[in-house]
Each structure stands twice: as structure tokens, then as C-alpha cells.
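Novice: Dock chain to chain to rebuild the complex, using the hints, since each chain is given by itself in its own frame.
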Amino acid sequence: MTVLTALARVAAATAGRALPTKTVRHVHLSGRPLVLVAAQLAGEACAPLAVLAGDDREKPNLLAVYEPRDRTQRFDFAADLAAIVLPYIDGYAGDGDVTDHGVTDHGAPGQGERADPYPDAPQLLVPNLPTVGFLRLLGRSTRFRQTEGEYAVHATVPLLGRWLTYFAERAEVTPSAQLLPVAAVLADHWATGQSAAEDANLAALLGWIDPPQGLTGLAAARAAEDPVRCPPAGPATDPAFDNEVLAPILREMHEATLAGDGARRGRARAATDRALRSQLEPTWALMWRAVDLLAAMPAAAHAEQRWLSDRWSFTSQVAWIREGGAPQARRDGAVAAARRLARLEREQQRLAVERAYDDPLVMAEYRMTGEAFAGVVTEAEQDRLEPGRRPVLRPLLTVATSDEVLFEPGAVLRSPARPGQQATVTEVVPPGTPGTSAGTAGGDGRTQVVLELKGGMGRSLTPPPGSVPALGEYVTYTSQRDDFRPAPKFPDKEDTPWTHGGPPPEYVPDDEDAREDWS
Amino acid sequence: MNSDQPPGHVEARLDRLRGRALPVNHNARTISALAANPGCARRALMDAAGVDKQKIAAHIGYPAPFGQSRFAITRGNAFEARVKENGAAQLLTLLRDQLDLDVTEVGYTDLGDVGGNLSRELRHVRTRQGLAGQDYAPRTLFDHPLLRLRVGGRHAYLEPDLIALRLDGSFHVIEVKSFPVIDGQADPGSVAAAAIQSAVYVRALRDLVTEAGGDPGRVSHETILVAPRDFASQPVATSLDVRKQLGVLDRQLVRMAKIEALLDPYPQALTFDLDPGDDGTPRRPPEELAAAVALVGASYAPECLTTCELCFACRAEAAGSTGALGKSVREDLGGIEYNAQALALARGQLPSAERAEIAVLLLRAAQLREQLLGAVM
Chain P
433 MTVLTALARV AAATAGRALP TKTVRHVHLS GRPLVLVAAQ LAGEACAPLA VLAGDDREKP
493 NLLAVYEPRD RTQRFDFAAD LAAIVLPYID GYAGDGDVTD HGVTDHGAPG QGERADPYPD
553 APQLLVPNLP TVGFLRLLGR STRFRQTEGE YAVHATVPLL GRWLTYFAER AEVTPSAQLL
613 PVAAVLADHW ATGQSAAEDA NLAALLGWID PPQGLTGLAA ARAAEDPVRC PPAGPATDPA
673 FDNEVLAPIL REMHEATLAG DGARRGRARA ATDRALRSQL EPTWALMWRA VDLLAAMPAA
733 AHAEQRWLSD RWSFTSQVAW IREGGAPQAR RDGAVAAARR LARLEREQQR LAVERAYDDP
793 LVMAEYRMTG EAFAGVVTEA EQDRLEPGRR PVLRPLLTVA TSDEVLFEPG AVLRSPARPG
853 QQATVTEVVP PGTPGTSAGT AGGDGRTQVV LELKGGMGRS LTPPPGSVPA LGEYVTYTSQ
913 RDDFRPAPKF PDKEDTPWTH GGPPPEYVPD DEDAREDWS
Chain C
18 MNSDQPPGHV EARLDRLRGR ALPVNHNART ISALAANPGC ARRALMDAAG VDKQKIAAHI
78 GYPAPFGQSR FAITRGNAFE ARVKENGAAQ LLTLLRDQLD LDVTEVGYTD LGDVGGNLSR
138 ELRHVRTRQG LAGQDYAPRT LFDHPLLRLR VGGRHAYLEP DLIALRLDGS FHVIEVKSFP
198 VIDGQADPGS VAAAAIQSAV YVRALRDLVT EAGGDPGRVS HETILVAPRD FASQPVATSL
258 DVRKQLGVLD RQLVRMAKIE ALLDPYPQAL TFDLDPGDDG TPRRPPEELA AAVALVGASY
318 APECLTTCEL CFACRAEAAG STGALGKSVR EDLGGIEYNA QALALARGQL PSAERAEIAV
378 LLLRAAQLRE QLLGAVM
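Sequence order for the protein chains is P and C.
Residue 779 in the working numbering sits at position 347 of the first sequence, and the numbers go up by one each step.
Residue 353 in the working numbering sits at position 336 of the second sequence, and the numbers go up by one each step.
This is chain C alone, in the form it adopts within the complex (with noise of 0.2 Å):
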């Protein structure tokens, strides 16, 4: 099934780009990051590699601003295990409302158990072999399913909450989370940000179905949220469609797996090593770490500021360019790059043919601004 498998001479460049520090794990969440910006070489590459970007962030003198508080974490894990609790049987009660699920649909599983084996290999298999199982009838939750991912030029273990299985076949993927919904209304961004991590599973489900010789059809694109209703604890599941993440999803991936094309510009003595020494403190000259990091373009966007642990380090290397102030600055000014280019043709500067429009504009604008405010521009 992995006729798509990077040659070894790109894994062995992948390995290089990495050097010595063990590779970092892709999540939900890190994989629907890499969507958000699918234009950024420097990220794609990273996390094909498996880079410890908040590492390298920080000997380049760019500590990522990322903190989770712990209250948070409490929160969250509390409110997962009261929906768990017991067969899950609060969850199944919603779940029979929300999928018309019928009364006999019971079974609750728990894949997580593989006789103290903690192999992430071994949970995959276990869980491939109890989803593909043709029994459906008493199994209608899994728990602590774990699935696999290809990102780049690697595998990525995942971990959805819980998955559904309906008598009809169809698997629902579940996504536990602990922002609340007040009054049936939840907060927009932390909604899409489950969408497309429920889009993660999904495809990650479909992959699975797909090897076991299924039809990935049965992975419905019908995922369900599960969140704390109102103010109390007492969980409200909704349905939310993910097409649409999982359509960019796909268009990434794709990219991604063409990690051989992303490479190529690039020396093959490229590296992101932090050269650490025994107590594991990074040797390698900040200087040098950050000028391999300069070779491989960035597409910073005011957004990376909550995507991505290289954000400072991008953003202060995009300093002047009209794009670092917002995408739709550089929209207004008519994909003019760099603010020295506007202010230019703002003074009057003789603009080429295919700025002549824009060139009209920012012109008057400036004059406009002149009138009204005296010398400030």
C-alpha cells in the first residue's frame, strides 16, 4: 500500500535536514496547521522532517510565544474522562439522538488495551484489526483508537477521542473538546479549528479503511463535536461536516508528499542540526543555525502568529514587506511586495507598465493625506 514512499535517498535528506535530535510527532493539531499556510517551504519542510521548530526558534533567538496553561489542560482531560465514564454511556445516550443510533447499539470497546504493550505499531494494528472486524453488531464506540497518517516523507500517529461505528457500517469520527456552547452558539475559531482536526482523523480513518481492503466511503464526512453545554459540565454533541477541510487537507498532503520537488532548490548539506552536546544543550553557532534556516523561503502571514513556533523569527525577516502587515494590505495595494516599492511610486515614483493603475491610486492617496494632515504622510 506504500508505493508512495519516498525514495531512500530523500528519506536519508529528510534524516540529514533533522540531524541528531529525535524526529517530532505530528498531531491533529500540527497537521491542520501545515494547511493553514500551504505556501510556506520553510514550515513544509520542517515538519516533513520532523524538525523541533520551537527548538530551533529558540537558539536563533525566537522563542515561540506558545504556552498551555495548565488549568486548561486540567479542564480539558476532566471533561474527556466524565464523557468516557462508564462505557462512555452519557455520550451514547446523546449519540442515539444525534445518529439515530438504534437502542441496541451498546458496545463500547476500548482499543487502547493491548496487554500492556505500548508500541505505537502494535496500538495501530490492534485497532485496524478491531475496526476492519466483521461483527459489527456489539461494538458501536472505540476508544483510544490510534491512526496513521502519511505526512511528508513519514508516518504520523494520531489519536482521535473516539470513533462510531453505526449498524449500518458507516464510522463517525468524535472529537471531545472543552470549549463550551452557550446557549447552542460556541466560539466560531475553536469550531473550525475541531473541523479540521476532526478532518485529520477522518482522512487517517479512510486511510485505514482503504488498507484493510474496505471502502473508505464507510468514513462518514460527518464528524461529531462533543463539548461542555452552557456553563456546566453536561456535554452536547453537534454534527459537523468536514468537506471542506478535508478537500484542502488533501490538496496538502499531496504537496507535501512531493517533498523530493520541495528539496531540490536546496544543498544536500543542508541542515537544522543543533549539534547537542551530552546534557543535550544546543552547540551549533545561532548564526549559522539561522542562516540555514534564512536558505529555505518562508510565506510569513500576520496568521503564522498563531500556527507556527518559527512565527517571531519569520515575521522580523519579513519586516518591510507589505504582506507582513496583513493580507489584505497587500491586496489594497495591488500585490505590491515591499513597502518601500509603495512609498515610492506614492511620491511619485515612475511606475512599470503593470503597476500604473496602483501607481494612480497611492499617488492620490498620499496627496489626499498631504492635504489633510500637513507633512505626515
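Looking at chain P on its own, in the form it has when it is part of the complex (with noise of 0.2 Å):
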């Protein structure tokens, strides 16, 4: 944290309501999200107890183990769950059926690589990180499964594992807002008069930042941590819930399983899904509220171009599946894990610039330390061109900020309204500076910063409109800049280096893998 986010806590504790962090939507927010709350029993490994899902917010789809315990039923489970998100991705990779999963006769891999990604990709939305894990679990222990021999599960189970596990990985993306944790993504965009520990209580941080009428955000939230009031949003469930509710509901589903009566059974099954769904379902109204005040907000502008990295991977997704690529390893080779690491730092960087530059309140945490500054041009040369054997044109303009100004001349800087433009400070007059050539410094308590403006004006010796700050204008600069870096040079596999393993063996998915145990 920052003393800027440190000082908005603060503040809202006061006022009792959450306050802003960013002023723009930081994350892409498709019009068709898929919704998924979760529910698993506790103690176990990864053992699905319930989920609503669905991409309407009038038809949450309830799928409900009433045998948390009996692999068949769990299995029945992801089949019944691959129905909703198979279909769903399906209607994003237009012109297949990606639901036609192995060695498919969509023709030998490589034929089906497309020049543009698809117009649009699925997105999935759930309450929290624990939910994404429970997601990459719930992959985990299906994406090797087997559709033929002795422990044969449904065709779309392994296939649903293979996505799952996708989603989880894009997940850890930072950049990627293909699956999405709602109380993470709020937030970020929202300081809350609470620790960061409560934060992760999706109730209790929407009641800091959308309060019920008549309620200060501090009384909504605490109201929100009474597990009876506010189910906790998964995949925990409440244990007073688990031991007076659910306990004797499963106690009497198996006890009419066991006595063959089959309207008891019915009956101890509506039980099952009444007590799930009062678990459930407040959880799902909280996540389309939290999509309506993310909606609300208007999206930043390198999160559309970051959505369209989230289109491609989708699209060699989906090319991948279709041109029967195995499932994802257990675990990544050392080579592969190093890339992906270098990957992810890259991007990381790359995210925090373009979040600064999108937004002017993550600017000010670079404003605050120096690494950026902001002001009005008081003193434009808009022509000025450098003599020598050919002039260029490298207008001069003086700008004149409150903000603290720790370059040196000779920096280089961008300014977020005009990125392929260089700015090279050549003065920095410090207030009460008198009789430069910066003018007229002085009074008024301002530093004032003269720059060299090169590129992003077109060939011509005079600028074309717009293309350089006018007098008067309010500007950004800072040293953060986006540039490209070429990615670090790793080995082949085949060169896994001794002191790594030597070269990983080539993963085949075995019959041990489909056989696994998942009790």
C-alpha cells in the first residue's frame, strides 16, 4: 500500500462509506458473463457440494452432490456442469463445436489457426480467490479423466476439466480478466474503512461501498458477517450451517437410499436444494450487484486492449482443443516455468504503466513520489526547429506543476495523452527562481519544468493540430513508459540444462491419471 490508498482507508473509516481508488474500470466487463458460485464440502480435497451458474441474473441454474461422498455422483456433477459451461464457451468460438473434443475431424493441427482471434471471448465471473482455486481443483481432478474402459465418465467431463484448468491459469494472469475474483477486482477500485482481511468478504465489502439505504457502509458490513444473514460466498460454507442444516439433510438422503424409498429420497432431495439454494443465493445477488457498479464505471482504455489478449489466447484455446493438444501437465517443465515466469513479470510491469497511464488517480501515486507531475504549459515554441544540416522540428514547452519535480535534465518522459511522443527535460527551475530563461518562476510557489518535444507530429516541419500541447493545456508527464522489452532468452526443452533435470520426460496422460481416486 501507499500513503495515498493508506490516507482514502483512513478517510472512509471516517466517513463511514467506501471511497474511490480509481476513477475508470481497470478490468474489461463482457455483457454476457458466466456467474459461478460455489459451494464444497468441508474437510475434503476438492468435493463439490453445490453451484449456482449461469450468465442470467433472473435464472441462476442450481446443480447440487447430494452424496458429496460417491465419486459416481460427483463425476454426474461436472457433467451436469459442463453443460452450462460448454454451451456457453461454445457461443463464443463461433464457427465449431468445441464441446467435439480429442483428435477431431476438424483436420490435422496447424489447419486451424486463424489470422484474427474471435470477436468476442467467454469470461467467467466468481466471488473470491478460494472459488478460483476451487475452480482450479475441480480441473485438476478432471481434465485426465477417461471417456472409454473400465472408469469411464461422461465425454464433456474431461473436456470441462481442460477448461477450468485454462481459466485458473489465465487467472493468475494479472493482466487477464478471463476469470475473475469480484471482491478482488472491487478492491482494487475501492478503499473500504476495513482491513484488507475484510475485504475479502464480498458482503462486507459491498456494504462499505453500497450500502441499503440508512445504513452507514460500517453497519452494513458488520451486518454482512453474520453468516446466518450473509452466507459466506464459498466454497467454505458456514460450519454452524453444515452441522444443524446440511448434517441431518444428507444423514436422511442417504437413509432413503438406503431404504429404497424413493419418495423420501425426492423428498430429502428438495430438502438439499432448499437449504443450498438459501446458501447460494445470496451470494448470487451480490455478484450481480457488484457487475452493476463495475459496469457502471467506465472501462478503462488499455482494458480493451488487454481483452483482446484474453481474445487470442481464447482463440489458440480453443484451436488447441480442437486439434486434439493433450491436456494441461500436473506440474510445468523447468523451462516452461521459467518462461511463464518472465511472462508474467513482463506483463505485471507492463499492467502498471498502463494503469497510470488510463487513469490520473494511479498516476498520482507516481506524482507522489516524484516519478511524475502534472501542470498547465505556461510557455509553448510550438515550430521551434533544432538547426544543423536538415532541421527537425523539436518544439520546447515550459510547464509549470505544484507537484514535487525530482528529474534531472536529460530524462526522458511520456506523457499519457501523447505516448509516442519523447519529452526530454532540458531545465527544472525550482520555485522562487528568479531571471531564468524558464520566464517569469518565481511567486506563485510552482516548479517550472522545460521540455524537448520529439516524434508523434508527423513528417512536416510544422506540427499538425493537436499533436503538441497547446498554452494553457493541462499535462502529464512522467518517466513510467511502456516500452518494448524483448522477452529474456531461455533454452529449448530439449536443453534443459543438468543443473534444472536435464530435458523433462514428454508428459503422455496415463491410465494412472484417469484411474486417480477422487474420494
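Honestly, the hints are just simulated from the structure, not real lab data.
We treat Cβ as the ideally placed atom computed from N, Cα and C, and that holds for glycine.
Incorrect hints may appear among the rest.
[Claimed, not checked] Derived lysine to any residue pairs resembling SDA-like cross-links, with alpha carbons at most 25 Å apart: (1) Lys454/P / Ala672/P; (2) Lys454/P / Gly234/C; (3) Lys454/P / Lys72/C; (4) Lys344/C / Met800/P; (5) Lys72/C / Ala672/P; (6) Lys344/C / Glu601/P.
[As the list claims (entries may be wrong)] Some chain C residues flagged as far from chain P (calculated, every beta-carbon gap over 12 Å): (7) Ser136; (8) Glu277; (9) Asp349.
Specialist: As C-alpha cells, then:
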């Protein structure tokens, strides 16, 4: 955190409601996201209990596992979930059928390559980070299954596993918006008057951001901490619900099954559905409230550019699956892991710069540390030519700012308004310095910064209108820039050095994977 | 060996603090939670006296948010039973790889068998005899040991899952947990919690070996974590180095041993007694109890929300402090204690000399937020 966000939290605590820390929405928001709210059985590695899923807020689909420790029921549940998730994905993969898995008649690998990404991509919204983890494990426990032979599962189960794994991996890529934990997204855009640990509770967080009429954010958040009023957003359930409601219902279900009493079983199923709905529906409503809040914010310019990468990523994943590519391995090899890490770091860094360019409130963080300043153009020599054998256009600007400027002459800066243009600092005149070339600096307590501009003005010797800041314009300059940095070189997989275990064996899914217990 | 026993009047004062309630027994989890917030006098004092914090919190209107699902308990017990069945045969195979056990090391001793006598003192004596005996050869695994650790004024009895003894005479604490290790990776939070609990057992076992006249160095800081592999119930063993956790724990235990100094600032008559009626219902006026609790300073941090039964009461009390918003918020604000102070500086109040630096930043931050958001601070 920083002084700026810490102050926002302090101010929010005092005001009794959340305060914005961003002025634009830094994630892409789909017009038709697939919302998933999940619950799992406590104590198990990954025993799904229920999911509310759907892309229509009026029609959540409840999928429940009536005997969560029963292997067959789990795979039936996975198949039910696949019947919602896969058609949703299909809707974005235009010209084909994604559920048609394995080696298909879509042709040999390579033929499926497209010149353009699909026009849009699927987006999964879940309440929180633990639900992302739940989907990852659900993907892990289903993607290696086989659809034929002794341990056969429904044809769509391994495909669902591969897609869930894909989304969970995308969630680790910070700039990606394909699988978003909504609580984390909200907490990124607002400062509440509580701690980050408490912000992980979606209901409490929304209490601060959007309290019901007549309640302060604090009161709404405290009320939301009562698990009876606001059941947890999952995947962990409320222990009191487990002990007092769920346990008797599951026992009744078990006994009805043993007794072979169909009517009794039907009643138990209905009771289970009611109980699980009561736990998941409040969060379902919160999810759509969060969607509305986020949709009301204007999208950041770069968020849409980043979504383009998501569309590309989705497009190649569709191609990979259609061409019969193998499911994701259990673990990355050494080279793949290093490459992935380096990419994540580069993307993270680029994201930070993009967010600052998109959002003056993020840029303010850099202004606090002297890595950026904003002010008004007080002098502009727009047509200035640098003499030489061939004169070149080098306009000079003087910007007066009340920010603290730590740049030295020679520093190369950029402006979010004109990212293609370099500005080199030629002079910094601190406040109160009389009689310098920067003109009448002094009395008003502002620092004068003289900048020489280069690039982004076309080829002629007079800059096109708007390409150079005009007198009186409010401008921001920063040393932060998003330059292309070549990826570091990594050896090929075949050349993995012995220090890293040598070349890893080719990953081939085997029967062992398919047979794996899920108990 | 118990020369560090607190003097009688301290015992008496701790008894008075607790009042008529039976002392709450510590377990490895409560002891490791102590080490999480060593600066909290309220918790240290209540735990030293064996006060039931859960009941106190409920009576003053801030019931604790902790509960355990019976599904989790059932699963945990089932896994432990599976690991220990047939003389822990399956576990021995795992340990052979993990600890380089010789194939001849197959002994299994149940220390819980004390002829039906369930007294903790007796079980502890049996554990000491069993572990300190000289004939190692057939004894490799000890089940149901009962250890003892002095926490604050009193002995806490602890039950590690298993203790392994190698041919070379070194002891290893074994902790059985039911969280899964999937593709070689487990939840880091769960592993950290298991490590500090194991450290509590290592400390208690070292004390036992010392009391029996042995070398505490024989108790290894390498403990063994046994957890289910992937999505099944097959156990997998991993070794954990708990040296760091032992250091933290020792510092906190030493601090709690100086219970006299902790008690010193408070009136002799201070008590957290609930004044239970015949049916056990507390009769003490909640305001009076709350006042007694408030007398002892707490050091609330959001981390308490997962480790201490009194957390909601302390959080309400800490409202308006920067620390309640998180340690990092307080640090970013240069250690300013209260929100009101930070806001005053942000609005341009003249700072004291030691706050001059942060005051400049706060003023600047407030100006930027106002410039970009309008009236919103």
C-alpha cells in the first residue's frame, strides 16, 4: 500500500463508506459473463457440494451433489456443470463445436490457425480467490479422466476439466480478465474503512461500497459478517450450517437411499436443494450487484486492449483443443516454468504503466514519489526547429507544476495523452528562482519544467494541430513508460540444463491419471 | 526441574482472574496462536490464567466467529485412523524413505494404554518412561504420547499425533493433517499452521527429554507432516524444518513466564469471573465484565480475526485506530496511531517535529485526491 491508499482507507473509515481509489474500471467486463458461486464439503480436498451458475441473473441454475462423497455423483455433477459451461464457451468459438473433443475431423494440427481472434471471449466471474482455487482443483481432478474403458466418465467431463484449468491459469495472469474474483476487483477500485483481510468477504465489502438505504457502510459490513444473514460466499460453507442443517439432510438422504424409498428420497432432495439455495442465492445477488457497480464505471482504455490478448489466448486454446492437443500437464517443466514466470513479470510491469496512463488517480501514486508531475503549459514554442544540416522539429514546452519534481535535465518522459512522443527535460527551475530562461518563475510556488519534444508529430516542419500541447493545456509527464522489452532468452525444452533436471520427459496422460481416486 | 514455577501469590492472582470457571486447557493450536501476537497483554494474561475467552466474548456481546464443521472433523479423524491402522504399517513404509529408517525398525508402541487409567499425569509419566527407556531397538513409533509444556503459570498437556524414534536415537514429531497435497503442493497457510503446531510439540518433547536427564538435542527440529496425497486418502510424508517457529515460540514462552511483570500494572481484585449460577449461566453484569476486560490493554490487528476468540470485542475497541485497518496502513502512515490524527495532518494541521515528514506526504496525498475526485477526500 501507499500513503495515498492508506489515506483513502482512513478517510473511508471516518466517513463510514467506501471511497474510490480508481476513476475508471481497469478490467474488461463482458456484456454476458458466466457467474459461478460454489460451495464445497468442508474437510475434503475438492468435494463439490453445489454450484449456482448462469449468465442470466434471473435464472441461476442450481447444481447439487446429494451425496458429496460418492464418486459417481461427483462425476455426474461435473457433467452437469459441463452442460452449462461448455455451451457458454461454444457461444464464443463461432464456427465450430468445442465440445467435439479429442482428435477431431477438423483437420490436422496447424490447419485451425486463424488470422483474427474470435470477436469476443467468454468471461467467468466468481466471488473470491478461494473459488478460483476451487475451480482449479475441479479442473485438475477432471481433466485427465478417460471417456472409455473401466473408469469411463461422461464425454464432457475431461473437456470441462481442461477448460477450468485454462481459466484458472488465466486467472494467474494479472492483465487477464477471463476469470475474475469479483471481491478482489472491487477492492482494487474502492478503499473501505476496514482491513484488506476483511475486504475478502464480498458481502462486507459491498456493504461499504453500496450500503442499503439508511445504513452506514460500517453498519452494513458488520451486519454482513453474520453468517445467518449473509452466508459465506464460498467455497467454504458456514460451519453452523454444516452442523445444524446440512448434516441432518445428508443423513436423511443417505438413509432414504439405503431404504430404497423413492418418495422419501425425493423429499430429501428437495430439502437439500432448498438448503443449498438459501446458502448460495444471497451471494448470487451480490455478484450481480457487483457487476452493476463495475459496469457503471467507464472502462479504462488499455483494459479493452488487454481483452484483445484474452481473445487471442482463447482463440488459440480453442484451436489447441480442436486439434487434439494434450491436457495441461500436472506440473510445468523447468524451462516452461521459467518462461512463464518471466512473462508474468513483464506483463505485471506493463500493466502497472498502462493503469497509470489510463487513470489520473493511479498516476497520482507516481506524482507522490516524484516519478510524474502534472501542470499547465505556460509557454509553448510549437514550431521550434533545431538547426542543422537538415533542420528538425523540436518544440519546447514550459510546464508549471506544484508537484515535487525530482527529474534531472536529460530525463526522458512521456505523457499519457501523447504516448508516442518523447519529452526530454532540459531545465528544472524550482519555485522562487528569479530571472531564468524559463521566464518569470518565482512567486506562485510552482516548479517550471522545460521539455523538448520529439516524435509523434508527422514529417512536416509544422506540427499537425493537437500533436503538441497548447498554451494553457493541462498535461501530465512521467518517466514510466511501456516500452517493448524483448523476452529473455531461454533454452529449448530439449536443452534444459542438468542443473534443472535435464530435458523433462514428454508428458503423456496415462491410465494412472484417469484412474486416480477422487474420494 | 520446576524452579521457574511462579511464586504462590502469582498462582493465586491467576486463579482470581479466572474466577470460578475451570481452567481452559491449552492445545498446540492455542499455544501457536499466542506466538502470532506476542504484544497482546490481554491475550497473554487470559491464556496464562486459563480463562475461557469464548465465554467471555459471548457474555460481553461479541461472540466469537469460530466454529468447526463436523464434516471436517469426521474427515480428519478418518484420515488419522487410516494412517494409524495396523500398527501404522503404511506410515512406516513412508517413513523408511523420509527418515532413512532401517527395514528392521518396525516397532509400534501405544503409550495411551495405561490400564484404563485416564489421568493426564499418569499418561504423561507413562510417556516419559516409554520415551526415555534405553532399549530403542524394537520401538520406532509411539502413538498417543502425552507431553507437557509450561505456559505462563500452568502446565498444558499436549497430544502430538505420533513420535518416531530412529535407531540413532533421534526423535521426530509426526503431525497428521487432512489438508491435501496436490501434485506436491499444499496450501501454504495450512502448512505454516502445521509447522508452528509441530514446533510446540518439539519444544514440549525437548522439555521431557531434559527432565528425564537426556540430551534435548536428540529431538530433531525436522518434523514430519503426513497428509493425504492428491484427491484420495493415501498418505504422503514430507519433512518440515521448524527451527524458525521454535525461535518465535521460545521468545513468547519466556515472555509469558514473566507473568508477574504482566500482572503488575493491574489491581489485585481484577477478575474475569462470570459469576455462574447453578445452571452455569453467567450472572455477572456484562458491562462490569466488559470494564474488567477493557482494563487490560489489547494489541488488535486484523490477523486476530482468525486466531483469537476475543477478536470482535477488540476490533470494536480499536475502531478509529490506523492499526485496525491493517499493519501496512499504519506503517504507510508513518506509525500514526489514530485516523483522526492522520486526517488532521492531511487537512493541513501543523505537525510535531517527528511527524513533519509524513505530514508533508499526507497533505500532498489529500491535495491530489481532492484535485482528482472533487470534494471526496
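Novice: Hint by hint, work out which the structure violates, then give me just those numbers in ascending order.
Specialist: Violated: hints 1, 2, 3, 6 and 9.
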